[in-house]
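Using the hints provided, position chain B relative to the given structure of chain A.
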Amino acid sequence: MTGFGWALADGWTIARRTLTHWRMQPGLVLFSWFFPVLMLLMFGGLLGGAMDFPEGESYYELLVPGIFALSMLFGLEGTMTAVTQDRDKGVTDRFRSLPMSSTAVVLGRYIADMLDSVVTLIVLAAAGLALGWRWHEGLPAAVAAFGLLLLLRFALLWIGIFIGLTVKNAQSVTMVQVLVWPIGFLSSAFVATSTMPAWLGTIAQWNPLSATATGSRALFGNPDPSATATWIGTHAEIAAIIGPLVLTAVFLPLSAQRYRTLSR
Amino acid sequence: MTTERVIEAVGVRKNYRGGTEGAGLNGFDLEVAAGTVTGLLGPNGAGKTTAVRILSTLLELDSGTAAIAGYDVRRQGAEVRRRIGLVGQYAAIDEILTGRQNLVMFGRLNHLGHAASVRRADDLLERFSLTEAAGQVVSKYSGGMRRRLDLAASLIVAPAVLFVDEPTTGLDPAGRLEVWSAIRQLVDGGTTVLLTTQYLEEADQLANRISMLKAGVVVAEGTPDELKTQLGSDWLDLVLVDPADVQRVVALAGPLADGDIRIVDNRISVPVKDRTKALVVMANSLHEAKIEPEDITLRRPTLDEVFLHLTGPGVAA
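Going line by line, the protein sequences match chains A and B. According to this note's numbering, the stretch in the first sequence is residues 1 to 264, in order. According to this note's numbering, the stretch in the second sequence is residues 1001 to 1317, in order.
Hints should not be assumed to be uniformly reliable.
[As the list claims (entries may be wrong)] Here are a few chain A residues that sit away from chain B, every Cβ distance over 10 Å (derived from the structure):
no., residue
1, 48
2, 114
3, 123
4, 146
5, 234
6, 247
[Claimed, not checked] Coverage of chain B stretches by chain A, computed from C-beta distances (three or more under 8 Å per stretch; other residues unrestricted):
no., region
7, 1089 to 1097
8, 1103 to 1116
9, 1270 to 1278
No wet-lab data here; the hints were simulated from the structure. Ideal placement from N, C-alpha and C gives every residue a C-beta, glycine not left out.
Bound conformation, chain A alone (with noise of 0.2 Å):
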């Protein structure tokens, strides 16, 4: 097998073990693909009553794709709590020190967590139908739509791995987790931005969370009334797709270097 065989082969054994800890631990990984549904009907309840929408509209036409958004920053929870307890463990060093690329860990840890996240997407979509959401502009639109959300988990993989190669021990983790949340809610994934206060609205827009839900609810065809008047604003699905590989680019060489000069 050549090099990049066996990177392939290595990350599969990898992120098998991932699949292995679901089989062994299905309650775990049950709960973290049903709290974004239980967020759905949270926030769908609180503040759905609350909101004007036009007649024969319902708020979930909204939400729905800002909670599949919002899910994705929440893998990147899961990101880093398995890299931190790998490297405390001291799992990771026996990785380094075995005769296989680091290429190969990285590709398990990413297969293994954008596995979790198709997972998370299905059962959440499966949710949304049930609650009234529909796409509206065709399965190839729907299916980009959720390509753009599953780029975002694609660039959060590498902060999560940075973060969580960075941080000093599993409590400090608990802090970034807490730290999540107003990245959350300072988007478009709950409101519109232009109902927000002109300046934290232009936050909240330049926020890559927003560009992602905002820009795969016009692929679904769902109603976003912060599409409008800024740049942003009106280009979305690009915004969607810069930002998630300007991430990218800046976070996978950190977290690459991270792992290499690991000192502990």
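Using the frame of chain A, we list chain B on its own:
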């Protein structure tokens, strides 16, 4: 492979920026012959783990050279990693998986293929007496069982060198004995082992040769016996029935002493040069003075004494 040097480090230096992350090395030298167990002994912060991490390619050295089986750790990392096994300070196994699942995974990552990985896992589980616990989740294992599984995982592909970093730190006495016997088995199988420890007893029990490390430099090297001899004198230990006799006995022992006599309660330790003569003369003097000691013994210095002598504060390296 009879007298071949499997590990060779010359003048290795490593400084951590900021100095808080770990102890550096300041010209570390080490030679390990194939098929031997070398103990790297030193207190916390002496640089033991740093040395192991550099030799196992996990950490880059600043200057000096280090090679495993002739392969440079800096330039031929992949070749080195093919020939080493590493048991770190933390049992590096997946706690959510079972013992067998762990070993099969590491077998596949060593490119054995699935069937061979399963066979190898079962062999190793048997060898480390873990067959019964093979299907159990590792989080339910005792500390000693974890370390044994960790050792097994590092032996999936028989390595030329096995690094074992403080294998019994944090284990209870039973766990320590389990791990010791597992390491002895490896040695019987011909594996070259570099063992770091801060326990003298552990080095004395397991190692053929010991390198004592202080502040990133090897300050003494040799077999346990050589190191004990290096400190010089043997000791004549006397235990008295009546503490009131202590001063009289010290006076009698004075001419024999080759250094300071140590007194703790009714125990007197006299450093002596001429072993047998000292024992005979002391026994006669006590007999004449009509003092009957509870115990009188001649002994080599313990490794503890060598260790304190060499690594204690105020002793130049």
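Item to complete: Taking the shortest Cβ-to-Cβ distance between residue 146/A and chain B, state whether it exceeds 10 Å.
Response: Given a closest Cβ separation of 29 Å, the condition holds.
Fill in: Whether residue 48/A stays farther than 10 Å from all C-beta atoms of chain B, as the label says
holds, 39 Å
Fill in: Three-residue Cβ test at 8 Å for the coverage of the region 1089 to 1097 of chain B by chain A
holds (count 9)
Item to complete: Please settle this one: residue 234/A was flagged as non-interface, so is its CB more than 10 Å from every CB on chain B?
Response: Non-interface label on residue 234/A holds, nearest chain B Cβ at 47 Å vs cutoff 10 Å.
Worksheet item: Is the nearest CB of chain B more than 10 Å from the CB of residue 123/A?
Response: At about 22 Å from chain B, residue 123/A clears the 10 Å cut-off, so the statement holds.
Worksheet item: Do three or more residues of the region 1270 to 1278 of chain B come closer than 8 Å to chain A, measuring C-beta to C-beta?
Response: violated (count 0)
Practice prompt. Given that the region 1103 to 1116 of chain B was listed as covered by chain A, double-check it with a C-beta distance under 8 Å for 3 or more residues.
Written response: holds (count 6)
Worksheet item: Is the Cβ of residue 247/A farther than 10 Å from every Cβ of chain B?
Response: holds, 28 Å
Fill in: Given as non-interface: residue 114/A, which should sit over 10 Å from chain B by C-beta
Answer for residue 114/A: holds, closest chain B Cβ roughly 20 Å.
In summary, the structure is inconsistent with hint 9 from the numbered list given earlier, while agreeing with all the others.
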